[in-house]
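Here the protein sequences line up with chains A and B, keeping their order. Numbering-wise, my numbering puts 1221 at position 389 of the first sequence, and it's gapless, one number per residue. Numbering-wise, my numbering puts 1472 at position 640 of the second sequence, and it's gapless, one number per residue.
Keep in mind the hints are simulated off the structure, nothing from the lab. Please note that a few of the clues may not be correct.
If several chains are the same, the list does not tell them apart, and a pair holds so long as it fits within one copy or across any two.
[To be verified] Pairs of lysine-lysine, DSSO-like flavour, derived with a Cα cap of 30 Å:
hint, residue 1, residue 2
1, 1161, 1133
2, 1301, 1047
3, 1374, 1049
4, 1161, 1102
5, 964, 1047
6, 1301, 1049
7, 1102, 1015
8, 1102, 878
9, 1354, 1275
10, 1275, 1047
11, 967, 1015
12, 1295, 1374
13, 1275, 964
There are 2 protein chains.
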Amino acid sequence: MNPVPAPTSRESYHTQHSPFGAFASFTIGLVDAPGGFGQSLRGPAKQNVYVGYRPSAASDWQLLPFLTPPKSQESAFTGDAIVQQAPTGYRALRPGDYQRTLDLASDTWRADEARFGFSLLSPFGSVPDPEKLAKAAARFHLAPIICGWIEYDNRAGNAPVELMFGVGDPERPLRPLSDTSTKLAGFAGGADYGYATTPARGVGLRQGFDVLNPKLKDYRGLHVICGESALVFTVPAGQRRRFPLVLGFYVAGTVTRGLAASYAYTRVFKGLDDVLVHGLTQHVRYTRLAAQRDRELNRSKLNIDQKFLVAQATHSYLGNTELLWQGGKPLWVVNEGEYRMINTFDLTVDHLFFELAWQPWAVRNALDWFVRRYSYRDQLGLSFTHDMGVMDYFTPAGHSSYECDAIEGCFSHMTMEQLLNWVLCAVTYAEHTGDQAWLRRQKKTLLACADSMHRRDDADPRKRDGLLKLDSDRCGPHGSEITTYDSLDVSLGQARNNLYLGVKALGSWVLLETAFTGLGLKESARDARVTADLLAHTLTTKFEIDTGFFPAVFEQGNRSRILPAVEGFVYLLFLGNREAIDRSGRFAALFAQLSRHMTQALQPGVCLDPTSGGWKMSSTSTNTWFSKIAIAQYVVRRLFPEAMSSAALVGDHVHADWQRTPGCGVYAMCDQIRSDSGITCGSRYYPRGVTAWLWLHE
Amino acid sequence: MNPVPAPTSRESYHTQHSPFGAFASFTIGLVDAPGGFGQSLRGPAKQNVYVGYRPSAASDWQLLPFLTPPKSQESAFTGDAIVQQAPTGYRALRPGDYQRTLDLASDTWRADEARFGFSLLSPFGSVPDPEKLAKAAARFHLAPIICGWIEYDNRAGNAPVELMFGVGDPERPLRPLSDTSTKLAGFAGGADYGYATTPARGVGLRQGFDVLNPKLKDYRGLHVICGESALVFTVPAGQRRRFPLVLGFYVAGTVTRGLAASYAYTRVFKGLDDVLVHGLTQHVRYTRLAAQRDRELNRSKLNIDQKFLVAQATHSYLGNTELLWQGGKPLWVVNEGEYRMINTFDLTVDHLFFELAWQPWAVRNALDWFVRRYSYRDQLGLSFTHDMGVMDYFTPAGHSSYECDAIEGCFSHMTMEQLLNWVLCAVTYAEHTGDQAWLRRQKKTLLACADSMHRRDDADPRKRDGLLKLDSDRCGPHGSEITTYDSLDVSLGQARNNLYLGVKALGSWVLLETAFTGLGLKESARDARVTADLLAHTLTTKFEIDTGFFPAVFEQGNRSRILPAVEGFVYLLFLGNREAIDRSGRFAALFAQLSRHMTQALQPGVCLDPTSGGWKMSSTSTNTWFSKIAIAQYVVRRLFPEAMSSAALVGDHVHADWQRTPGCGVYAMCDQIRSDSGITCGSRYYPRGVTAWLWLHE
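Model the full assembly from the supplied sequences, consistent with the hints where possible.
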């Protein structure tokens, strides 16, 4: 049934090639666009990247299109009034000239009938708790590197072929690594980033105003005042050679404010040279790790579009990860893409499934920080802040960087949302990992969360119906709370009496029942169960018999139709809570209504965009979010498969096309997208797309 | 005789406001252009700077034009497809609306009939040897700050007036300093830079997507995810209030490669907060220091254009200074403007006069490093590299970043030039400061320099005529040496048989005679004297009787006419070597010819540009350099006053206009300028203009 169309011919997209936990990316891929090394940036860097081959010294360089025509800086030195000219002697390959393959942990370009190959690897795997990691293991898992290789099959050739990997950045000339290490051939920008291969016969260095045609050479054949540098490799006639590449980052010292923390990798690496040598030494192991990841995704049952989406999302997720060390302990951060907010909680709850697969301690770490520093009590009890700060600045305890007072809509408080997010993350983490010891330590917090949820329903227990409907006094008398869907229309943005939050609250009470039972808190467990049932019943009363839909908000006659109506079930599905997800079980009545809701919603003109065919979060907004589409797809396919209309099935291809064409691809993975045009309207360079990881659990 | 015309109405130029030794600038001034905080940059930063006042909360902000219309980043968060709109509620003042006064250590803008005032101070003074500086003194002299104030005279007003100082940088939201210090009201970018005033009544903070109209406020009235921040000051009706400002920079840890060094100020300041609090605590003292500098320049006999040039040059010089600490000792660096080469030796020799006035140890420090690490021996003996590296990367010992092999013209070696530069700097330093102990330690080097100079004349002592004429074998068989004037025409670029270098060699031999005499090296002193006389005689034989000019190069019938013919006398004039500068003394014959040369050269169409009237280095090039004009002016006015034609006198005004209009002003002080258009063609954001300091010695 899954359609497997060929990728679009307009394919052109950036991908973040990123180490684990270094908040750094080497971004390339968009056609005719620069990219390169970026540390803690909100989008792609602006270095030209020179990657390609030339069949002989007399022919033009054939370069992958990772550059804009560079301008020599030479005239600034020579005082010439001559207009700067683009260099000659190269041709930027056209998309038809090469084939690109993005896999889970690799990105490979082939050209010249596949004789030329270039690949960047982002090897990742299960990372053990960094607190318990021996040094050698820490060096392997936390190395701020990406690996790569460049190759040419010249077995049929009769002249040597040259290969090039280099970067150009007029703002910052690089320095040759050979000054400080005999084990490295390559260049570095200060102590911050660099690229290297192993010194060998056939490996040369170049540096010049125009690295393609360097005219000027110092005593060692370089010119270190110039902003363009490259490794040049020679493949003799009759041979096939593949050369390893390592790209590294390093930021020493305190990198955050508010809380003073440094990168965890600085505990086990002395500096950039150490990082690069390590990467070359362990290159085979990293290559194997990347290949293993690639194989796993390729062998999965996902269709080609889904595989692409998982791969692209994972790359951007890794680029936003930042493992810090603070006060002798790990401090886990995922940055929020272009906004660079720290551990935005409504992203944490979405990264949950990926992180539980690869680094479950990261979830626990974030939850602990939310309790310790980023919780607060308003008039109704406990909740948590939207985030922990922005761009390496940790905000004061109890306050996010995002939330403002006395407003409605974007930038208001997310008190109800984040309260649920803590419950959902905490119990999902504990149930999935079996870390009951940790959950026991959270007893007080879990009880306070349950209490806070009750009080946000109604002060009077007798008047409660399970729905969250009281805004935090942090909003002031005239403001009101929002949800994570702040930038969609009011159908999803408003928190109180909200369908999405209602179902999410239902999921939370079910998980609380599980947790309280495990903790021996019978009374609380019973209360959670009763509340879940009450809430489920209340939700059924909101169903519009006439239309067969739920309204998005149970207020003011709202008639928006939303896909996140079922998002709250993702945790129960993920944990395999059979009782709760039994279609004919305790929530049967609600499931029947939701089935109808989703089946009707997944039709063109409702929650399928009539122009593109892509999935829309809300029938009344063209702003749609890929990360949330991915969750909805998972829930629908597992719980409401009858809703997967043939029109809905086309979605994967549409969503993949959005990401692999420049409308989104200019910023690597994007989350907020106009459903009609496929052009991103926010949340660029974004980690949240790893919700697609759920698909591997189907 | 000095014309004092009013400054041009097209006045619009950036100025670097910079601490001593921090390689950092806060650059503003160019009309309708951003600028702001820049660390180690090759040109102005790109932050909007918000400085101005509004007469009441209901009226528009009146802002100095230090910005381009900012675009709110809000839509990236809200997902709105709405086109970003420039904020309303402000007016960028037009140059006619305000008066700007650049003084030696201050830059002041006045508007609203002088009721509004804003000033940035770059207080500098005599800095004692940092190696011997007590901590309190080190904190005062090395603080990486600039000071400032903002004021309004509201004595006649009947409503409170608000003042604003702020910056906007969408790439980097700032954080409020109040998080970490109760003594600071202001904002910081990470730990790297920030601005602050003292918390007080009437001082408020703002931060928002649009700092002029902040809609969104968090619990403390800010919004820390936003890239625009400001201090807002209220001046009640009936009062006049001036508020102090401090702008600080801080870079921790190792900042250089090749040689690992850190900023000297990090030894006495813990971080940015410490720096800013210090600046506010010592604000009065810094203000006094700046005022003293301003007074000195204002009381000098220089004309208004000369004063402007000295002030603008000094600001850019300070922005290029970088005092490092390496191996427990100071390491002095002046960066070469947009090229950021480290201690380019042919700039060191020009900065000499300024540095001997304020920090003579810096000259000695650079000379020591040139001997220790950046000297080499070619086939003819000792010389020194062109520079010590580029952009905080120290090149390997014995090699510069600039010099390439086997070429003619730009980027070739400067062996002869730098050999003379070491001699000139060393003896001028020792004679001016009286540091004979240091000179004694340089005995071997001085003797080796004299030997190397001889051998670059001719291998056979009997064939020597004093002129340097043998190229270093570093140039290879087909290359040839250049001089500092590399980017002018061949008249100045070629080193061998070069008039400019010939007279500079004459100056060097005179200084060597002095030095050797002081060191008791009678034989060498006599040899130096004899060589000087021989060289002076040789030079007289090159004079063209028919034209009354010297050729620029004594080869191939060159007929370019150059002003640097007399540059070599600047050292003798500066040191007051009466015997050598006696017009009727030992060099009388040469002086008579040079008088004629310069008198004829300083005519329109020769070395005065026929279009602009500005001074040209060479009759055959329109590329002219302000720093070298300044030296030529000093020498001409002191030694050849008869050459100062009325046409030549207009130069000051022309040169000042070049710098204070956008042709140069877009990059603060510029050195390489097209003499016809006044537009810079290289050497932007440049320190070398401080040669104008010589004028205060006239």
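To see whether the hints hold, each was checked on the structure:
1. Proximity of residue 1161 to residue 1133 under the C-alpha cut-off of 30 Å is found in neither arrangement, the shortest distances being 39 Å within a copy and 65 Å between copies.
2. For a Cα distance limit of 30 Å, the shortest separation of residue 1301 from residue 1047 across copies, 26 Å, qualifies, whereas the shortest one inside one copy, 72 Å, does not.
3. Taking the shortest Cα distances, residue 1374 and residue 1049 never come within 30 Å of each other, neither inside one copy (77 Å) nor across copies (35 Å).
4. In the homo-oligomer, the alpha carbons of residue 1161 and residue 1102 lie at most 30 Å apart both inside one protomer (19 Å) and across protomers (24 Å), since each shortest distance falls under that limit.
5. In this assembly of identical chains, the alpha carbons of residue 964 and residue 1047 never lie at most 30 Å apart, being 53 Å within a copy and 47 Å across copies at closest.
6. For the identical chains of this complex, residue 1301 and residue 1049 are inter-copy neighbours only, at 24 Å across copies versus 72 Å inside a copy, given an alpha-carbon limit of 30 Å.
7. Taking the shortest Cα distances, residue 1102 and residue 1015 sit within 30 Å of each other inside one copy (15 Å), while across copies they are farther apart (36 Å).
8. Taking the shortest Cα distances, residue 1102 and residue 878 sit within 30 Å of each other inside one copy (28 Å), while across copies they are farther apart (34 Å).
9. Taking the closest pair of Cα atoms, residue 1354 and residue 1275 come within 30 Å of each other only inside a single copy of the chain (13 Å); across copies the shortest separation is 92 Å, beyond that limit.
10. When the C-alpha separation of residue 1275 and residue 1047 is checked against a cutoff of 30 Å, the pair qualifies neither within a copy, at 70 Å, nor between copies, at 40 Å.
11. Taking CA atoms no more than 30 Å apart as the test, residue 967 paired with residue 1015 passes inside one copy only; the shortest distance there is 22 Å, against 42 Å between copies.
12. Proximity of residue 1295 and residue 1374 under a CA criterion of 30 Å is satisfied intra-copy only: 17 Å inside one chain copy versus 109 Å between copies.
13. For the identical chains of this complex, residue 1275 and residue 964 are intra-copy neighbours only, at 25 Å inside a copy versus 61 Å across copies, given an alpha-carbon limit of 30 Å.
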